[in-house]
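2 protein chains.
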Amino acid sequence: MLYSLIMAGGSGTRFWPMSRELFPKQFLAFEGSDSLLAKTIDRILPLVPEERIALVVGSTHAAETRRILQSMNAGEGRRCRLVVEPRSLNTLPAISLASLLIAREDPEAVVAVMASDHLIGPQDHFLALVQHAAGIARDEKVLVTFGIPPHRPETGFGYLELGDELPAFSTGLFTARKVARFVEKPDREKARAFLAGGRHLWNSGMFVFGVRTFFEELAQIQPEFKASLDTVNSSLGTPGERRAIDLFYRHAPSLSIDYGLMERSSRVWSLSGPIDWKDVGSWSALDDISPRDGRGNVIRGNAVVIDTENSIIQADKRVVAVLGLRDMIVVDTDDATLVCPKDRAQEVREVVSHLRERNAVEAQEHRTTHRPWGHYTILDQGPMYKLKSVLVNPGARLSLQMHLHRSEHWVVIAGTARVTLGEEEIFLHTNQSIDIPKATRHRIENPGKVPLIVIEVQNGEYLEEDDIIRFHDDYRRTEETPETFAPPAPRGEPA
Amino acid sequence: MLYSLIMAGGSGTRFWPMSRELFPKQFLAFEGSDSLLAKTIDRILPLVPEERIALVVGSTHAAETRRILQSMNAGEGRRCRLVVEPRSLNTLPAISLASLLIAREDPEAVVAVMASDHLIGPQDHFLALVQHAAGIARDEKVLVTFGIPPHRPETGFGYLELGDELPAFSTGLFTARKVARFVEKPDREKARAFLAGGRHLWNSGMFVFGVRTFFEELAQIQPEFKASLDTVNSSLGTPGERRAIDLFYRHAPSLSIDYGLMERSSRVWSLSGPIDWKDVGSWSALDDISPRDGRGNVIRGNAVVIDTENSIIQADKRVVAVLGLRDMIVVDTDDATLVCPKDRAQEVREVVSHLRERNAVEAQEHRTTHRPWGHYTILDQGPMYKLKSVLVNPGARLSLQMHLHRSEHWVVIAGTARVTLGEEEIFLHTNQSIDIPKATRHRIENPGKVPLIVIEVQNGEYLEEDDIIRFHDDYRRTEETPETFAPPAPRGEPA
Chain Z
22 MLYSLIMAGG SGTRFWPMSR ELFPKQFLAF EGSDSLLAKT IDRILPLVPE ERIALVVGST
82 HAAETRRILQ SMNAGEGRRC RLVVEPRSLN TLPAISLASL LIAREDPEAV VAVMASDHLI
142 GPQDHFLALV QHAAGIARDE KVLVTFGIPP HRPETGFGYL ELGDELPAFS TGLFTARKVA
202 RFVEKPDREK ARAFLAGGRH LWNSGMFVFG VRTFFEELAQ IQPEFKASLD TVNSSLGTPG
262 ERRAIDLFYR HAPSLSIDYG LMERSSRVWS LSGPIDWKDV GSWSALDDIS PRDGRGNVIR
322 GNAVVIDTEN SIIQADKRVV AVLGLRDMIV VDTDDATLVC PKDRAQEVRE VVSHLRERNA
382 VEAQEHRTTH RPWGHYTILD QGPMYKLKSV LVNPGARLSL QMHLHRSEHW VVIAGTARVT
442 LGEEEIFLHT NQSIDIPKAT RHRIENPGKV PLIVIEVQNG EYLEEDDIIR FHDDYRRTEE
502 TPETFAPPAP RGEPA
Chain G
22 MLYSLIMAGG SGTRFWPMSR ELFPKQFLAF EGSDSLLAKT IDRILPLVPE ERIALVVGST
82 HAAETRRILQ SMNAGEGRRC RLVVEPRSLN TLPAISLASL LIAREDPEAV VAVMASDHLI
142 GPQDHFLALV QHAAGIARDE KVLVTFGIPP HRPETGFGYL ELGDELPAFS TGLFTARKVA
202 RFVEKPDREK ARAFLAGGRH LWNSGMFVFG VRTFFEELAQ IQPEFKASLD TVNSSLGTPG
262 ERRAIDLFYR HAPSLSIDYG LMERSSRVWS LSGPIDWKDV GSWSALDDIS PRDGRGNVIR
322 GNAVVIDTEN SIIQADKRVV AVLGLRDMIV VDTDDATLVC PKDRAQEVRE VVSHLRERNA
382 VEAQEHRTTH RPWGHYTILD QGPMYKLKSV LVNPGARLSL QMHLHRSEHW VVIAGTARVT
442 LGEEEIFLHT NQSIDIPKAT RHRIENPGKV PLIVIEVQNG EYLEEDDIIR FHDDYRRTEE
502 TPETFAPPAP RGEPA
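Keeping their order, the protein sequence lines are chains Z and G.
The first sequence lines up with residues 22 to 516 when you count with this note's numbering.
The second sequence lines up with residues 22 to 516 when you count with this note's numbering.
If you are wondering where the hints come from, they were derived from the structure by calculation, not from laboratory data.
Among these hints, one or two may not hold up.
Identical chains blur together in the list; that is why a pair holds if it fits in one copy or across any two.
Pairs of lysine-lysine, DSSO-like flavour, derived with a Cα cap of 30 Å [stated by the list, open to error]:
(1) Lys299 to Lys60
(2) Lys162 to Lys199
(3) Lys338 to Lys299
(4) Lys199 to Lys338
(5) Lys407 to Lys459
(6) Lys459 to Lys409
(7) Lys363 to Lys338
(8) Lys247 to Lys409
Given these sequences and hints, build the entire structure.
Spelled out as structure tokens, the structure:
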């Protein structure tokens, strides 16, 4: 059966300040309102049912990934499966572990590996490509890569050097070839030669293979690595499973699948065709994916733009005024602003490194945090207080909880709240308020049809999110982290 | 007697977003924590007592000017006098009206006219210069201008072309000369020639004259204008005074004192000497007045600066990250961000024009508004609510007031509040709250020794500041605007 494996382990440094370590690129929407991750899932869904779609995510991103899955399908949710990595390594360990879990369910499975941060169209071509690749991978027992015919001398991608064409496996739409060699990111001159020569394709980072073929090649090329995977395999389904996976991740080498497997295998074919493929790699990529004004600017949000050319201006709520800029990037968010020339967009990760060294929260988090029940925004904070605006979706409720170090004061700004406080239940309307003393069970719920907005004033000597004792939670946050690759819950139950 | 006239009518467009129409440049602190206006007053004080210092301000800036005066002298206040202009015209009407008011008090007065947005040092040289100029103005019945020997080919200032030296009026420190001609802002080539030739000085915009001489020259050069001033003069002290001033301002020509009087008068001398004079004219002026790092950057606040040269980076609270910038200005405030090259700093006023066209509040006001009792910041707002953080200084209290369209809810975050609500008086401590219904008299007071911080949640269909009925106010805001050039209140009473 065909599975899809979506790599969603990105670290969110190159799209700072819009991305953060806890809110990386795949969670962002660049076109419309859906995140790149949701778009990736929706794209493959006509071919692969949701329960055979697996997402590889880091442990710090698991909760947000679940929230996005939950919000898909018009709120019905998508029952995709999560492979939560204990730490972020590289693509080979991630794909290997996920393939192991898939092989246990179906030893003949074919897996289509996708990145979670690409924009691809048109969808029918893409699906035909995956389907064709899956047939080849199954029947010919090869590793199929997707190559993209280059249309500019791009130095930011790896390339595939093509070998013989395989006319028997080409169609009117797609061309199959052997891959002679994987080429690392070239310099400008080489990239020009590749573009002119016509024997190189961009390496899209998407692959299709049968799990059996994959492990055969792995055993030959990386025997030691394969042996440690076998240890994990024998633990699957036993109480020692989590420990075995942790141990594997502690010792596994940080290898990419390209370098660790593909470029040393003689069983790699490439398939290419009329696919519009965009790697949303850094801020400068917005030039490709966003509409531009008459002077080549990409402008989003509340901006005043005077005599400015070929620049990317992204404002959030606040006014951003630019004057006399050329080829610049200006990105403004609630708590941070970035200004740099377009050709330095790759170096934005250095900003994040600097912030991390300072232990600055702006490297990690946004002011607004999404939760399964809605979201909250930190509006202000001082030595003994924190001020939040909390939005609860209609029909949703927070967990029944208690804090040891803070009291809270809630004022309803919009909607109606049902508040549980100790043994009492109270309805609060606009402009009504309630005090929540320390060490008292409480819960807030939106029983209505419109969003409930509450201003929360916290007071106390310790105001971090981890001062919380949860007694009951609709979103199962009172339980241990769900099992890796757990079978999806039946629809209708909270995921 | 010697008077000083401080021109504080600036419009605050070139230092946007740090300045706003309601909070122009003279209210900003560029060195240390004192505003340019306070520094200007402190600079002249050893020579001119406070009650002989008059400030010319626009009507929209009168309240903030009073607040700054009140906060000076370690909170004791400065009893300077205000000339409130009904509308902003130009320097000749402003100086003429103020001189009229001064002449009524002392027909032999000598007036030293200063800008409110210059940085000048050392103070002892400056005071000696003013004193020497005052003597010459009184004895020789001339208009004395202060010229600054140029040290760069500046194209942003006007120049004085010098005539004969006046050795009898020069001292070891200062050189007196006749002024041959006033020269408008030159082009680069001319400015270079002026610098090389040694016969030109920068026109500092500071003047010293006897009011009698001033009006004699005015009668000769601008007889019509002088006649309309005489009408104002005959109304002073009568009930028709305010009306006469308004009428004068409605019809007065928008003339600068340079163009309207000085450059047509043959009685203009210049005095120059070892004065360090800085016109804080636009963002690029920060290069002159602020310390720079090893790469020529002026960096203020919470910034991450990577591979950046000769740039001005001003962060407020939020993180500003810049990477790979050359000769740029990045200014970030609570609600607005500006990015432009240094050599376009003069055009920042265009940004303000654009915002004004959109009726954007960011042209006019900051999120934080200062009041005589403390300040407030708008933290968030929506269709039916507004959220403010309010700080009340120790010992201060807001007016006894009432709102017709909103209810308020207060939560104390720090300090202790004494709240008057209807006939009741209630003390509130940290994390206690109170509801203030519509149409109910209320007042909040800080009886304590530390700042009182209150979060105010407003609810209602109309949430503007003008929904306020004041019953009693320590700061006389319940009364009509105080009379122009009113004699200062005795110290100790609220100004």
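Each hint tested on the structure:
Taking the shortest alpha-carbon separations for lysine 299 and lysine 60, only the intra-copy value of 13 Å comes in at or below 30 Å, while the best inter-copy value is 57 Å. In this assembly of identical chains, the alpha carbons of lysine 162 and lysine 199 lie at most 30 Å apart only when taken from the same copy (13 Å versus 98 Å across copies). For the homomeric pair lysine 338 and lysine 299, the shortest alpha-carbon distance inside one copy (28 Å) is at most 30 Å, but the shortest distance between copies (36 Å) is not. In this homomeric assembly, lysine 199 and lysine 338 never come within 30 Å of each other (Cα to Cα): the closest approach is 51 Å inside a single copy and 56 Å across copies.
Within a single copy, lysine 407 and lysine 459 get their C-alpha atoms as close as 15 Å, and across copies as close as 27 Å, so both meet the 30 Å cut-off. In this assembly of identical chains, the alpha carbons of lysine 459 and lysine 409 lie at most 30 Å apart whether taken from the same copy (17 Å) or from different copies (25 Å). Within a single copy, lysine 363 and lysine 338 get their C-alpha atoms as close as 23 Å, and across copies as close as 26 Å, so both meet the 30 Å cut-off. Proximity of lysine 247 to lysine 409 under the C-alpha cut-off of 30 Å is found in neither arrangement, the shortest distances being 49 Å within a copy and 61 Å between copies.
Hint violations for this structure: numbers 4, 8, all remaining hints satisfied.
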